[in-house]
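2 protein chains.
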Amino acid sequence: MTTNDNKIFLSESQLPRSWYNIVAELPFDVPKPLHPIEDRGVEVDDFDWLWPLECLRIELHEGKYGTDPWIEIPPFIADVYRRYRPSPLVRARALEKYLGTPAEIYYKREDLNPAGSHKFNTALVQAYYAAQEEHSRIHTMATDTGAGQWGAALAMACETVGLNCCVFMIRKSFEEKPYRRYLMRMAGAEVYPSPSELTDTGRSVLKDDPDNSGSLGIGMSEAIEFVKEDPGRRLALGCMSYYAVLHQSVIGLETRQQLEQIDRTPSLMIGCVGGGSNFTGFVAPFVRDRIGGKPIEFRAIEPDSIPTLSQGEYRYDWADFSELTPRILMYTLGHRFVPPPVHSGGLRYHGKTPVLSALVKNNVVNTRTYSQQEVFDAGRVFLKTEGVLAAPESAHAVLGAIDAAREASNTEKTPVIVFCLSGHGYLDLKGYSDVLDLDTSN
Amino acid sequence: MTTNDNKIFLSESQLPRSWYNIVAELPFDVPKPLHPIEDRGVEVDDFDWLWPLECLRIELHEGKYGTDPWIEIPPFIADVYRRYRPSPLVRARALEKYLGTPAEIYYKREDLNPAGSHKFNTALVQAYYAAQEEHSRIHTMATDTGAGQWGAALAMACETVGLNCCVFMIRKSFEEKPYRRYLMRMAGAEVYPSPSELTDTGRSVLKDDPDNSGSLGIGMSEAIEFVKEDPGRRLALGCMSYYAVLHQSVIGLETRQQLEQIDRTPSLMIGCVGGGSNFTGFVAPFVRDRIGGKPIEFRAIEPDSIPTLSQGEYRYDWADFSELTPRILMYTLGHRFVPPPVHSGGLRYHGKTPVLSALVKNNVVNTRTYSQQEVFDAGRVFLKTEGVLAAPESAHAVLGAIDAAREASNTEKTPVIVFCLSGHGYLDLKGYSDVLDLDTSN
Numbered sequence: 001m002t003t004n005d006n007k008i009f010l011s012e013s014q015l016p017r018s019w020y021n022i023v024a025e026l027p028f029d030v031p032k033p034l035h036p037i038e039d040r041g042v043e044v045d046d047f048d049w050l051w052p053l054e055c056l057r058i059e060l061h062e063g064k065y066g067t068d069p070w071i072e073i074p075p076f077i078a079d080v081y082r083r084y085r086p087s088p089l090v091r092a093r094a095l096e097k098y099l100g101t102p103a104e105i106y107y108k109r110e111d112l113n114p115a116g117s118h119k120f121n122t123a124l125v126q127a128y129y130a131a132q133e134e135h136s137r138i139h140t141m142a143t144d145t146g147a148g149q150w151g152a153a154l155a156m157a158c159e160t161v162g163l164n165c166c167v168f169m170i171r172k173s174f175e176e177k178p179y180r181r182y183l184m185r186m187a188g189a190e191v192y193p194s195p196s197e198l199t200d201t202g203r204s205v206l207k208d209d210p211d212n213s214g215s216l217g218i219g220m221s222e223a224i225e226f227v228k229e230d231p232g233r234r235l236a237l238g239c240m241s242y243y244a245v246l247h248q249s250v251i252g253l254e255t256r257q258q259l260e261q262i263d264r265t266p267s268l269m270i271g272c273v274g275g276g277s278n279f280t281g282f283v284a285p286f287v288r289d290r291i292g293g294k295p296i297e298f299r300a301i302e303p304d305s306i307p308t309l310s311q312g313e314y315r316y317d318w319a320d321f322s323e324l325t326p327r328i329l330m331y332t333l334g335h336r337f338v339p340p341p342v343h344s345g346g347l348r349y350h351g352k353t354p355v356l357s358a359l360v361k362n363n364v365v366n367t368r369t370y371s372q373q374e375v376f377d378a379g380r381v382f383l384k385t386e387g388v389l390a391a392p393e394s395a396h397a398v399l400g401a402i403d404a405a406r407e408a409s410n411t412e413k414t415p416v417i418v419f420c421l422s423g424h425g426y427l428d429l430k431g432y433s434d435v436l437d438l439d440t441s442n
Numbered sequence: 001m002t003t004n005d006n007k008i009f010l011s012e013s014q015l016p017r018s019w020y021n022i023v024a025e026l027p028f029d030v031p032k033p034l035h036p037i038e039d040r041g042v043e044v045d046d047f048d049w050l051w052p053l054e055c056l057r058i059e060l061h062e063g064k065y066g067t068d069p070w071i072e073i074p075p076f077i078a079d080v081y082r083r084y085r086p087s088p089l090v091r092a093r094a095l096e097k098y099l100g101t102p103a104e105i106y107y108k109r110e111d112l113n114p115a116g117s118h119k120f121n122t123a124l125v126q127a128y129y130a131a132q133e134e135h136s137r138i139h140t141m142a143t144d145t146g147a148g149q150w151g152a153a154l155a156m157a158c159e160t161v162g163l164n165c166c167v168f169m170i171r172k173s174f175e176e177k178p179y180r181r182y183l184m185r186m187a188g189a190e191v192y193p194s195p196s197e198l199t200d201t202g203r204s205v206l207k208d209d210p211d212n213s214g215s216l217g218i219g220m221s222e223a224i225e226f227v228k229e230d231p232g233r234r235l236a237l238g239c240m241s242y243y244a245v246l247h248q249s250v251i252g253l254e255t256r257q258q259l260e261q262i263d264r265t266p267s268l269m270i271g272c273v274g275g276g277s278n279f280t281g282f283v284a285p286f287v288r289d290r291i292g293g294k295p296i297e298f299r300a301i302e303p304d305s306i307p308t309l310s311q312g313e314y315r316y317d318w319a320d321f322s323e324l325t326p327r328i329l330m331y332t333l334g335h336r337f338v339p340p341p342v343h344s345g346g347l348r349y350h351g352k353t354p355v356l357s358a359l360v361k362n363n364v365v366n367t368r369t370y371s372q373q374e375v376f377d378a379g380r381v382f383l384k385t386e387g388v389l390a391a392p393e394s395a396h397a398v399l400g401a402i403d404a405a406r407e408a409s410n411t412e413k414t415p416v417i418v419f420c421l422s423g424h425g426y427l428d429l430k431g432y433s434d435v436l437d438l439d440t441s442n
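As you go down the protein sequences, you meet chains A and B in turn. Counted from 1, the first sequence has number 6 at position 6 by the working numbering; the numbering is strictly sequential. Counted from 1, the second sequence has number 195 at position 195 by the working numbering; the numbering is strictly sequential.
Some hints could be false.
As the list makes no split between identical chains, a pair holds if one copy fits it or if it spans any two.
The calculated BS3-like cross-link candidates involving lysine-lysine, where the alpha carbons are at most 30 Å apart (straight line), are [stated by the list, open to error]: (1) K384 x K228; (2) K228 x K207; (3) K413 x K294; (4) K97 x K294; (5) K7 x K294; (6) K361 x K64; (7) K413 x K7; (8) K177 x K430; (9) K413 x K97; (10) K64 x K228; (11) K32 x K294; (12) K384 x K430; (13) K228 x K172; (14) K64 x K294; (15) K32 x K228; (16) K361 x K294; (17) K207 x K177; (18) K228 x K177; (19) K177 x K384; (20) K384 x K97; (21) K172 x K207; (22) K384 x K7.
In short, the hints are calculated from the structure, not lab data. In this text the structure is predicted, and so the values were computed from the model without any measurement.
So here's chain A without its partners, still in its complex pose:
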C-alpha cells in the first residue's frame, strides 16, 4: 500500500485488541448516573434486571471500567469483528477534486458493516454479554429503534449469539420504512410499532393521542416495561449508553492506525450525533492525542431542528419518556421532546450521551447544525463524486466535511479532514426522494 491509494486497509491482525476507555483518562469528571427518583447514585443492584451486568458495570464505571484506559476485546467478539473489520479508511479524492479544496478528506466506512451501519459494533457485544451471563438465564434482548439502523443491527447480533430479539419501532418509521422492518424480521426479530398496546406507556400515550407517531423516548419506555415482565429479558441501547461509546472506540482506534500508516495527523474530525456513540467512539483515541498536545479539532454535527448540543440545556434528565431510566447529566431538549417530522434518521433523540456532553461542555468538541435540505444535497454530491450513498445521518457528517473543506485555504500544512461515514442510505431512499423531489414522473 502506498499513500497514493484511495483506500487504506488494515490486516485482520491489526484489529485493535482493546477498546479505548476514555473516561479513565479524561482530565475532567464524567458524572455517573443518578437514581431515577431517589436522590442518590445508581447501584448495580438497582438495574441488574434491566441491563446485562457487564454493560451495567461499564455504565457505572465500576472496577476496571473506572480506572483502565484499555479494555480487552473478548475473543468471540474479535472473531466476529474480523468478518467485517478493520473497515476501510478512504481518501475522498473525487470529492476533493469536485470541491477544488487544498484539504485532504478521508472517510471511515462503517456503512459496509452487517446491517449497514456502525451499530453492529456494539449490538454484538451487548447481545454477547447477555448470552454469556451466569447471573441469570437471558433469552431475549429488547430495544427501541427509530429509522431501524439500530434495530436491524441488534436483530443480527442476537441471531449471531442465539438470543431472541424484540424491537419497538417508532410507528411512523414502522409504517413508512418497511424495508428495515423486513431486514429485522429476516434476522428473526419481533418488531412492534411504538406506541403499542403491549405496555402501560404505549396504551397511555395512545389513549391521549390515538394517532401518536412515536418517539425514541416512548419506544425506550416500552422496551423497559417489556423487559420488566420477564427475568429472561434485557435491554439493549444503541447510542445513549457509555458502553456503546466504549465499543465504538474500535472505529477511532482503527482510524488512528490507518492515518499513521500513511503518515497523517488529522486537523479536524467530524461526525454526526444522534445519541453520540459513533462520534464519540470515532474521536476518543484522538481526544487522548489532543490532551497529549496535538492540535486536533472535533466537530459534532446535528440537524438544526434537533439542536441538542447547540441549544439544549446541560442538566440531569431521563433517557426515556416515562422516567424509568437513571437520570444522567447531559445536554438535553427534555425527555418528552417530540422531534419535528424531518428525515434525519437516528439523529432525532432528545439527549446526548454524558461523555460527549462533557466533551462539549469542556470545549473539547465543538458543534455545528445544518438544515435538512443542505444535508440531502450533500448526500447527492457524495453519491455523484465518491459513488457512495450515505445514510441521512451520515450525510450530516459529509456536509460537515464539505463545509470544512470549503473553508480550508492553502496553508503551510495541508488540512486533513477525517469524518465517520456511519451508515449507508439504501434503506433511506424514500427520505432522499421526499427531500430531493425524486418521485416525479421524471
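Fit chain B to the supplied structure of chain A, relying on the hints for placement.
This is chain B only, laid out in the frame that chain A set:
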C-alpha cells in the same frame, strides 16, 4: 495478510491492467452476430448509430478484439476502478461452520461497488467510450432495466463521465421497486416505465394489453427506438453483450490473484446468470487455466422458472422483443418470452450471452436450477452466518455454493468453492418479504 484472514485484499497497484478477452483464446469459435433481417454478418456501419463505436468493435471481435487476449484498461477507467476496486475476496468461515462442510468457501464481493452490484464495472466503460467518441457528439445513454441494478449503475456511470441517462424500467418494477428508481433519479437519470407511450413498441404493446407489466425484451426495443430518434444517443447493455463480459473479466482476474495470494486453486466456481456477464467475466481467466490443464469446474445457476441454459434452444435469436438487434447464437427461451412473476431480479432474461452459451454448449460450464423458495432461504442463511444481505440474483450463487459444500466430502484435497456475490439485496427486501413472509405483524 495471512491465510487465516477472512478477507483477502489486493492493493490498488494490483488492480489488473488489462481485461481478459476470452474469445481470442477459446479453442472453439464464438459465432459473430448476424444482421437482424438480412442473411449476412453485421458490419460496424450497420449499428454505429446504436452502440458506441468501441463497444461495437468489441462485439464484432474486430481487430485486436479478435486476436489479443489482453485489452488494456484505459487510465480514466483504472482511476475510477481504484475508488472501489480491487474488491475483497472473503472466506465464508461462518457459513462453512454452519454447514459443517470440509470445503473452503470463498465469495467475491461485487456488492460493495457503486450502485451495489457488478454492473458498474461495465456501465462506466460504456459511458466512457460514448463520451470519448470523436465520430459523433454523444450526449445521452439509453437502456432498459428490470429490477434496476443495471439502470442504477448506468445512471451513476453517466454522471461520472458527464452524459445524460435515460432508463426504460419494466413497469412492474417501476411501480413495485421505487427505491432503485429513486437511486437512478438521485444520480440524475430519466426513468420511464416500460412499456411506455414514448415508442412504437411501447404503444403497440399497450394497445393490445394496457396492463402489460413489461419485459427486458420490450424495454430494450423501446431504448433502441429512443436512440434512433437522435444521433446524440447510444444504447448501453448490461449483460447480453460481449463487451460487458470483457469488462467483467476484472472480477475474475482479481479473484485469481487473490486465490494465488493464499495459495489456493478453485475446484468449483459458481455464479448466477441473467444475461451472463458477471458469471462469464468471473470465470473467464479460470477457463484459461482449465484449458491449460487445471481441473476446475464451472457452474452457472438459473431460476427453475427461467431455465434458459438448461432447457432453452441453442439457436440464433434476437436480444429484443421487436427484432431490432442483431441475431445472436445463444441458448434462448425465445425473444418474446414473458417470465413468470418470480422475484429473481435480473435473472429473468430470455437469452444468455453467446460466449457463455458456447461454453455451455462445449461442456466447459455446467448448469443447475433452483426454486425461488430455496434461493431466498439460502439468502437468509447467508445473512444469518456471514452478515451479508445478498441480492436475489446473487442468492442463487449462494445456494449453489451451499449445495456444493453439502455434497463435498473429506477427500485428500480440500474442495475450494468460489462464488461471485454479484450484488446486495437492500433494495430487494420487498421480494425477500414476499417469499419469506416477513410482512406479518410479527
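Now the hints, each set against the structure:
For the homomeric pair K384 and K228, the shortest alpha-carbon distance between copies (28 Å) is at most 30 Å, but the shortest distance inside one copy (48 Å) is not. Taking the shortest alpha-carbon separations for K228 and K207, only the intra-copy value of 22 Å comes in at or below 30 Å, while the best inter-copy value is 62 Å. Taking the shortest alpha-carbon separations for K413 and K294, only the intra-copy value of 14 Å comes in at or below 30 Å, while the best inter-copy value is 54 Å. Only within a single protomer do K97 and K294 lie at most 30 Å apart by alpha-carbon distance; the minimum there is 28 Å, versus 46 Å between protomers.
With identical chains, the CA atoms of K7 and K294 are at most 30 Å apart within one copy only, with a shortest distance of 25 Å there and 34 Å across copies. In this assembly of identical chains, K361 and K64 lie within 30 Å of each other by CA distance solely inside one copy; the values are 25 Å within and 67 Å between copies. Proximity of K413 to K7 under the C-alpha cut-off of 30 Å is restricted to the intra-copy arrangement: shortest distance 22 Å within a copy versus 35 Å between copies. In this homomeric assembly, K177 and K430 come within 30 Å of each other (Cα to Cα) both inside a single copy, at 8 Å, and across copies, at 11 Å.
For the homomeric pair K413 and K97, the shortest alpha-carbon distance inside one copy (18 Å) is at most 30 Å, but the shortest distance between copies (50 Å) is not. For a Cα distance limit of 30 Å, the shortest separation of K64 from K228 inside one copy, 28 Å, qualifies, whereas the shortest one across copies, 73 Å, does not. When the C-alpha separation of K32 and K294 is checked against a cutoff of 30 Å, the pair qualifies only within one copy, where the shortest distance is 28 Å, while the shortest distance between copies is 65 Å. Taking the shortest Cα distances, K384 and K430 sit within 30 Å of each other both inside one copy (18 Å) and across copies (26 Å).
Within a single copy, K228 and K172 get their C-alpha atoms as close as 25 Å, which meets the 30 Å cut-off; across copies the closest is 46 Å, which misses it. In this assembly of identical chains, K64 and K294 lie within 30 Å of each other by CA distance solely inside one copy; the values are 27 Å within and 57 Å between copies. Taking CA atoms no more than 30 Å apart as the test, K32 paired with K228 passes inside one copy only; the shortest distance there is 23 Å, against 71 Å between copies. Only within a single protomer do K361 and K294 lie at most 30 Å apart by alpha-carbon distance; the minimum there is 20 Å, versus 66 Å between protomers.
For a Cα distance limit of 30 Å, the shortest separation of K207 from K177 inside one copy, 25 Å, qualifies, whereas the shortest one across copies, 36 Å, does not. With identical chains, the CA atoms of K228 and K177 are at most 30 Å apart within one copy only, with a shortest distance of 28 Å there and 40 Å across copies. Both within a single protomer and between protomers do K177 and K384 lie at most 30 Å apart by alpha-carbon distance, with minima of 24 Å and 22 Å respectively. When the C-alpha separation of K384 and K97 is checked against a cutoff of 30 Å, the pair qualifies only within one copy, where the shortest distance is 12 Å, while the shortest distance between copies is 40 Å.
Taking identical chains as interchangeable, the C-alpha atoms of K172 and K207 lie at most 30 Å apart only when both belong to the same chain, with a minimum of 17 Å there against 41 Å between chains. Both within a single protomer and between protomers do K384 and K7 lie at most 30 Å apart by alpha-carbon distance, with minima of 18 Å and 28 Å respectively.
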